[in-house]
Amino acid sequence: MNHSDTLLLLCSACLLTSTATAGQWELKTDLKYTDGSGSDITSYDSAGDFDKRKVKQKRKTQLETLLTYTVESTLPELEYIGRVGHLFKHTKDKDLQLKDDGSLKKDKTRTEFERITYAGLGLRYDTGRILGADRWLLKARYDRYLHVSYGANQLHEDAKARSGDLKGYEWSVKAEGEYSTHWPGIYLHPFVEYKQERLNLWHDDTRDKIQEAEMEQQYEAGLFLSWITPLDGWELTTGPYWQRELDAERADDEKDWVWDDDERWIAQVKLEYEAPMPGFEMEFAIEQHLNGGDQGERRYNLELSYEF
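All letters in the sequence shown, in the order written, are residues -22 to -1, 1 to 286 by mature numbering (1 follows the signal peptide of the UniProt record, and there is no 0).
Keep in mind that the hints were calculated from the coordinates and are not lab data. Just so you know, these numbers come straight off a predicted model, no measurement behind them. One or more of the hints may lead you astray.
As a list, the in silico DSS-like pairs of lysine-lysine whose alpha-carbon atoms are at most 25 angstroms apart [to be verified]:
hint: 1; residue 1: Lys77; residue 2: Lys32
hint: 2; residue 1: Lys84; residue 2: Lys187
hint: 3; residue 1: Lys70; residue 2: Lys30
hint: 4; residue 1: Lys83; residue 2: Lys34
hint: 5; residue 1: Lys38; residue 2: Lys248
hint: 6; residue 1: Lys77; residue 2: Lys34
hint: 7; residue 1: Lys67; residue 2: Lys34
hint: 8; residue 1: Lys248; residue 2: Lys10
hint: 9; residue 1: Lys86; residue 2: Lys38
hint: 10; residue 1: Lys38; residue 2: Lys72
hint: 11; residue 1: Lys173; residue 2: Lys117
hint: 12; residue 1: Lys6; residue 2: Lys38
hint: 13; residue 1: Lys36; residue 2: Lys10
hint: 14; residue 1: Lys70; residue 2: Lys34
hint: 15; residue 1: Lys70; residue 2: Lys32
hint: 16; residue 1: Lys84; residue 2: Lys34
hint: 17; residue 1: Lys173; residue 2: Lys145
hint: 18; residue 1: Lys70; residue 2: Lys145
hint: 19; residue 1: Lys173; residue 2: Lys38
hint: 20; residue 1: Lys233; residue 2: Lys145
hint: 21; residue 1: Lys38; residue 2: Lys67
hint: 22; residue 1: Lys30; residue 2: Lys84
hint: 23; residue 1: Lys36; residue 2: Lys70
hint: 24; residue 1: Lys86; residue 2: Lys67
hint: 25; residue 1: Lys36; residue 2: Lys72
hint: 26; residue 1: Lys138; residue 2: Lys36
hint: 27; residue 1: Lys70; residue 2: Lys187
Full structure from sequences and hints, please.
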């Protein structure tokens, strides 16, 4: 039995417990827009003469819908979570090569899309008052990509089309704490997280070619400060966090991964609203890359959720 079959059985078992155990359903919709920082790089040959000038920028839109079902275990501090979701990614990839006088030499601009259907299993454990905190939460999840559809369209003159289906997975572990302060309504939230995504080798139907497998590893650590405002249901959170991202590719005829490493600090401001009647929640966040290879990149994130 492979990973996919095992995971589907675990998800089914978790969801089927709803017939015997009272649980909680939650439907989330998450919309993200990323305005890439872009780059404009001019290179020269060994004699110091102009070689080429490349202008690049990516703008990404991402829409995710996630349905979860949460049940308690025999330990009240431990919860199991069944997950089923769909993720749509849309990327406008600007890629220009210019001549010395600024006129266009090549235009590889294209629009990429990716549709991911996934199912998974998660858990959440409340460790209680350790390390002097009000509480520490431990979270883990594993999502199996049941189907990934990828393609590139709206091609400019020199861009190449790509399309195909592939599979993969993503998993993460996270620990986040909550500490009271001397000021009413003010809390500190330290956290650490590790996430890994893997996409298998896939066949490009347009070019009849096997494309590289991809892997991404992400490390994060940060400290946020939150303020429960006098306005009923509203909370404001802000702070910096550190992120290290390692991206890798491996061709069909290669054994070793080729890695690209980037490290950055990111600032975040988040506004949350929880309705007086239980069920509806909203989050709106803005993030800015302060340094690293994507310095200046900004992301906007709106999340709506409803429990029933």
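Here is what the structure says about each hint:
1. As the CA atoms of Lys77 and Lys32 are separated by approximately 9 angstroms, the hinted pair is consistent with the 25 angstroms bound.
2. Note on Lys84 and Lys187: the hinted pairing holds, with a Cα-Cα distance of about 23 angstroms set against a maximum of 25 angstroms.
3. Distance check on the hinted pair: Lys70 and Lys30 sit about 23 angstroms apart at the alpha-carbon level, within 25 angstroms; holds.
4. With a CA separation close to 14 angstroms, the supplied pair Lys83 and Lys34 stays within the 25 angstroms bound.
5. Distance check on the hinted pair: Lys38 and Lys248 sit about 20 angstroms apart at the alpha-carbon level, within 25 angstroms; holds.
6. Simply put, Lys77 and Lys34 have alpha-carbon atoms about 15 angstroms apart, close enough for the 25 angstroms limit, and the pair holds.
7. Of the supplied pair hints, the one linking Lys67 and Lys34 holds, its CA atoms being roughly 19 angstroms apart against a limit of 25 angstroms.
8. The suggested pairing of Lys248 with Lys10 holds, with an alpha-carbon distance near 13 angstroms, which does not exceed 25 angstroms.
9. Straight-line distance between C-alpha atoms of Lys86 and Lys38 comes to about 17 angstroms, which keeps the hinted pair within the 25 angstroms bound.
10. A hinted pair counts as satisfied when its Cα atoms are at most 25 angstroms apart, and Lys38 with Lys72 qualifies at roughly 11 angstroms.
11. Proximity of Lys173 to Lys117 is assessed by CA-CA distance (about 12 angstroms); at most 25 angstroms being required, the pair is judged to hold.
12. In summary, the hint linking Lys6 to Lys38 is supported, as the alpha carbons are separated by about 20 angstroms, within the 25 angstroms threshold.
13. Simply put, Lys36 and Lys10 have alpha-carbon atoms about 14 angstroms apart, close enough for the 25 angstroms limit, and the pair holds.
14. Distance check on the hinted pair: Lys70 and Lys34 sit about 11 angstroms apart at the alpha-carbon level, within 25 angstroms; holds.
15. A C-alpha spacing of about 16 angstroms is found between Lys70 and Lys32, which places the hinted pair at or below 25 angstroms, so the restraint holds.
16. A hinted pair counts as satisfied when its Cα atoms are at most 25 angstroms apart, and Lys84 with Lys34 qualifies at roughly 12 angstroms.
17. About 17 angstroms separates the Cα atoms of Lys173 and Lys145, which keeps this hinted pair within 25 angstroms; it holds.
18. A C-alpha spacing of about 23 angstroms is found between Lys70 and Lys145, which places the hinted pair at or below 25 angstroms, so the restraint holds.
19. With a C-alpha separation of about 20 angstroms, the suggested pair Lys173 and Lys38 falls inside the 25 angstroms cut-off, and the hint holds.
20. For the hint linking Lys233 to Lys145, the alpha-carbon distance of about 19 angstroms falls within 25 angstroms, and the restraint holds.
21. As the CA atoms of Lys38 and Lys67 are separated by approximately 7 angstroms, the hinted pair is consistent with the 25 angstroms bound.
22. As the CA atoms of Lys30 and Lys84 are separated by approximately 11 angstroms, the hinted pair is consistent with the 25 angstroms bound.
23. Note on Lys36 and Lys70: the hinted pairing holds, with a Cα-Cα distance of about 6 angstroms set against a maximum of 25 angstroms.
24. Restraint check: the Cα-Cα separation between Lys86 and Lys67 comes to about 19 angstroms, which is no more than 25 angstroms; the hinted pair holds.
25. Distance check on the hinted pair: Lys36 and Lys72 sit about 6 angstroms apart at the alpha-carbon level, within 25 angstroms; holds.
26. Taking the CA atoms of Lys138 and Lys36, the gap is about 17 angstroms. The hint holds against a cut of 25 angstroms.
27. Simply put, Lys70 and Lys187 have alpha-carbon atoms about 23 angstroms apart, close enough for the 25 angstroms limit, and the pair holds.
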